[in-house]
Amino acid sequence: MISSSFDAIIPMLCVALAGLVVLLAEAFRGRDEKMPIGGLAIIGLVGAGAASILLWNRNATSFGVVTADNFSLFVNLVLIGVGILTVMFSSQTIERDGIPAGEYYAVMLFGIVGMMLMGQATDLLVIFLALETMSLAVYVLTGIRREQQQSTEAAFKYFLLGAFASSFFLYGVAFLYGVTGSTSLDRIGTVIAAQSMSGNPMILLGVGLLIVGFAFKVAAVPFHMWSPDAYEGAPAVVTGFMSTGVKAAAVAAFVRVFLSSLEPMITDWAPVLWLIAAATMVLGTVVGVAQTSLKRMLAYSSIAHGGYLLAGLVAGNDVGKAAILFYLAAYALTNLGAFGVIALLGTRERANDDLRDYAGLFKSHPALAVLMTFFLLSLGGFPPTAGFIAKWYVFSAAIGSGYYGLAIIGVLSSVVSVFFYLRIVVMMFMTDRDARPVPAPITTVAYAGLVLSLAGVLYLGVLPTAVIDFAQASISTIF
Amino acid sequence: MLFYAFAGAAVIGSLLVVTQKNPVYSVLALIASFFGLSGLYVLLEAPFVAVVQIIIYAGAIMVLFLFVVMLLNVPREDAAEWDRAHPLYRPMAVRIGGALALLLALELAWALSRTAGLGGGVADQHPAVSSVAELGRVLFTDYMFAFEVTSILILIAMVGAVILAKKKEE
Chain L
1 MISSSFDAII PMLCVALAGL VVLLAEAFRG RDEKMPIGGL AIIGLVGAGA
51 ASILLWNRNA TSFGVVTADN FSLFVNLVLI GVGILTVMFS SQTIERDGIP
101 AGEYYAVMLF GIVGMMLMGQ ATDLLVIFLA LETMSLAVYV LTGIRREQQQ
151 STEAAFKYFL LGAFASSFFL YGVAFLYGVT GSTSLDRIGT VIAAQSMSGN
201 PMILLGVGLL IVGFAFKVAA VPFHMWSPDA YEGAPAVVTG FMSTGVKAAA
251 VAAFVRVFLS SLEPMITDWA PVLWLIAAAT MVLGTVVGVA QTSLKRMLAY
301 SSIAHGGYLL AGLVAGNDVG KAAILFYLAA YALTNLGAFG VIALLGTRER
351 ANDDLRDYAG LFKSHPALAV LMTFFLLSLG GFPPTAGFIA KWYVFSAAIG
401 SGYYGLAIIG VLSSVVSVFF YLRIVVMMFM TDRDARPVPA PITTVAYAGL
451 VLSLAGVLYL GVLPTAVIDF AQASISTIF
Chain R
1 MLFYAFAGAA VIGSLLVVTQ KNPVYSVLAL IASFFGLSGL YVLLEAPFVA
51 VVQIIIYAGA IMVLFLFVVM LLNVPREDAA EWDRAHPLYR PMAVRIGGAL
101 ALLLALELAW ALSRTAGLGG GVADQHPAVS SVAELGRVLF TDYMFAFEVT
151 SILILIAMVG AVILAKKKEE
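If you read the protein sequences in the order shown, they are chains L and R.
For the first sequence, counting from 1, position 54 maps to 54 in our numbering; every step adds exactly one.
For the second sequence, counting from 1, position 92 maps to 92 in our numbering; every step adds exactly one.
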């Protein structure tokens with residue numbers, strides 16, 4: 001019954017091991033000794049990536065609660081990409097901001113372990129543990145600049161609200177367990193399908209509470225209140241990390257739970273998620289227009305992107321599932337790149353994230369301005385970039401399932417969102433810079449990270465077929 | 001009948017926790033609430049969990065809580081100040097929150113009123129795991145992975161607490 005094979009958890013073990021090594025390296029580091037701690041983190045992540053690729057098509061399972069099907073491996077690869085890029089951007093900013101490197105990287109790596117487990121777990125109890133592992137790591141990273149009041153406040157708010165959301169999730173798990181007698185997704189799916197439970201109030205209650213828990217982590221309206229504060233208060237690199245990694249992991253688990261074991265009840269939950277998705281797209285966009293802080297604006301933009309992802313989930317067809325995976329990859333690269341630019345432009349004293357700080361950026365940092373333009377165009381969904389294909393793919397999935405309204409709302413809100421993305425581009429290229437603190441020169445590693453994400457964004461935008469095929473292969477093995 | 005007694009103790013205890021103005025009383029009320037909970041565990045034929053609840057929560061953790069509260073010498077909350085400054089006393093927030101709470105209560109009532117004929121909960125499908133030996137066996141077989149993952153969770157919590165609480169290096 002219990003397979004004790006370790007195959008499926010090898011990617012996670014690589015990252016967890018790297019986390020422990022990083023922690024020990026920091027402990028044995030001399031006071032002024034320099035150590036390539038970020039390099040250790042990258043080695044672990046690359047190892048996990050290699051393991052994920054080797055596990056492809058094997059459908060390994062471990063301990064009966066962790067699976068390494070192609071769906072979770074795709075998510076793993078996205079998360080590993082997020083991790084590597086974050087480390088590359090961090091190399092410059094944590095030194096500048098005086099953040100302790102060992103602890104920072106260790107917590108980040110453990111957070112990635114939690115995220116990977118979110119995608120791989122097939123048992124609600126394990127999904128909950130993964131959710132907590134990931135969340136605790138992100139709470140700590142949010143508040144890691146303790147001397148900054150804003151950072152501490154953000155971490156505290158995020159922690160309190162996140163703890164509430166976790167308890168909602170756990171309550172939902174308890175209800176499902178009470179009715180079906182199991183926390184395993186397979187068993188729950190079988191019981192629900194066999195007994196046509198869709199009218200059962202206990203199970204509806206459980207499903208509703210699960211939606212609350214997941215929607216909080218995806219930052220979907222009306223559970224989005226924490227994200228602008230948390231995203232603005234956290235260091236920019238961390239914001240990039242959590243707006244992509246946490247979202248990818250939460251969406252992966254959301255998709256797995258709702259489209260596998262709760263699929264028989266799709267007529268019950270699809271209308272609820274329809275409303276949430278529509279509200280998320282609209283509110284994220286409309287409120288985003290009014291922001292003057294770039295980080296806050298991108299926070300609302302990432303709320304809106306969560307809405308597009310949910311649209312794919314509501315569609316629930318094969319195109320939708322593949323579209324979600326493709327969207328996660330495209331969004332992760334783009335958003336990380338944008339937050340990477342913001343992080344690199346900051347100084348220790350000031351985050352430099354006000355819109356006016358970007359006036360005349362093209363004159364002082366032409367390369368950064370061009371990179372940022374591409375990322376913003378991709379977030380807005382312009383044709384040569386990844387964002388366009390991703391949005392097009394999600395909306396065509398929604399139309400394929402007959403959700404014309406949702407697709408129209410999505411298209412309209414992305415048209416509106418173009419306004420605030422282009423406003424920054426205009427700022428960067430067409431206005432002059434008044435005297436403002438000039439950030440430190442940017443290191444090669446950080447530049448390489450930015451170029452890497454740009455390459456990814458353009459590759460997904462121009463030649464998406466390979467990755468789309470990959471995404472379709474990922475979903476064909478499950479569900 | 002016993003169920004209602006224990007459940008009532010737990011609910012009233014936790015209500016007292018949030019309404020008391022003196023933090024020491026809050027902590028004591030929380031202990032009472034935990035005793036109510038552990039009574040519920042006994043009724044559910046889970047004596048081990050009940051004992052653990054008393055020893056670990058009501059015993060160890062709450063004593064630590066009490067120490068911290070007393071050592072920090074947390075002042076009594078000033079009622080007038082509280083009324084003026086607290087966001088929960090803004091009229092809009094009270095109304096919306098009240099409406100939401102009412103909605104939640106109605107939904108719960110609806111769900112409970114329709115579950116009468118449900119029966120057949122978990123207990124019918126699973127023999128109760130009550131003895132310590134049996135619990136240990138389950139923990140290290142069926143739930144072994146979850147058990148191991150918890151260690152990473154606790155490690156993160158520990159590292160995080162150290163990061164956020166340690167003194168700044170000069």
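Just so you know, these hints were derived from the structure itself, not from any lab.
Among the clues, some could well be false.
Claimed, not checked - Some chain R residues well away from chain L (every beta-carbon gap over 12 Å; in silico):
| hint | residue |
| --- | --- |
| 1 | V11 |
| 2 | S26 |
| 3 | A32 |
| 4 | L108 |
| 5 | T141 |
| 6 | V149 |
What the hints assert, rightly or not - Okay, the calculated beta carbon distance ranges per label pair:
| hint | chain 1 | residue 1 | chain 2 | residue 2 | range |
| --- | --- | --- | --- | --- | --- |
| 7 | L | S260 | R | A101 | 30 to 36 Å |
| 8 | R | E148 | L | G405 | 43 to 49 Å |
| 9 | R | L71 | L | K34 | 55 to 61 Å |
| 10 | L | S260 | R | K21 | 47 to 53 Å |
Said to hold, decoys possible - Reference excerpt, derived from the structure (chain R facing chain L, CB under 8 Å, subset only):
| hint | residue |
| --- | --- |
| 11 | L102 |
| 12 | A105 |
| 13 | R114 |
Note that the Cβ used here is the ideal one computed from N, Cα and C, for glycine as well.
Outcome of the hint check:
no., hint, in the structure
1, V11, "16 Å, holds"
2, S26, "17 Å, holds"
3, A32, "21 Å, holds"
4, L108, "8 Å, violated"
5, T141, "6 Å, violated"
6, V149, "5 Å, violated"
7, L:S260 - R:A101: 30 to 36 Å, "34 Å, holds"
8, R:E148 - L:G405: 43 to 49 Å, "46 Å, holds"
9, R:L71 - L:K34: 55 to 61 Å, "40 Å, violated"
10, L:S260 - R:K21: 47 to 53 Å, "49 Å, holds"
11, L102, "17 Å, violated"
12, A105, "13 Å, violated"
13, R114, "5 Å, holds"
The earlier numbered hints that this structure contradicts are 4, 5, 6, 9, 11 and 12.
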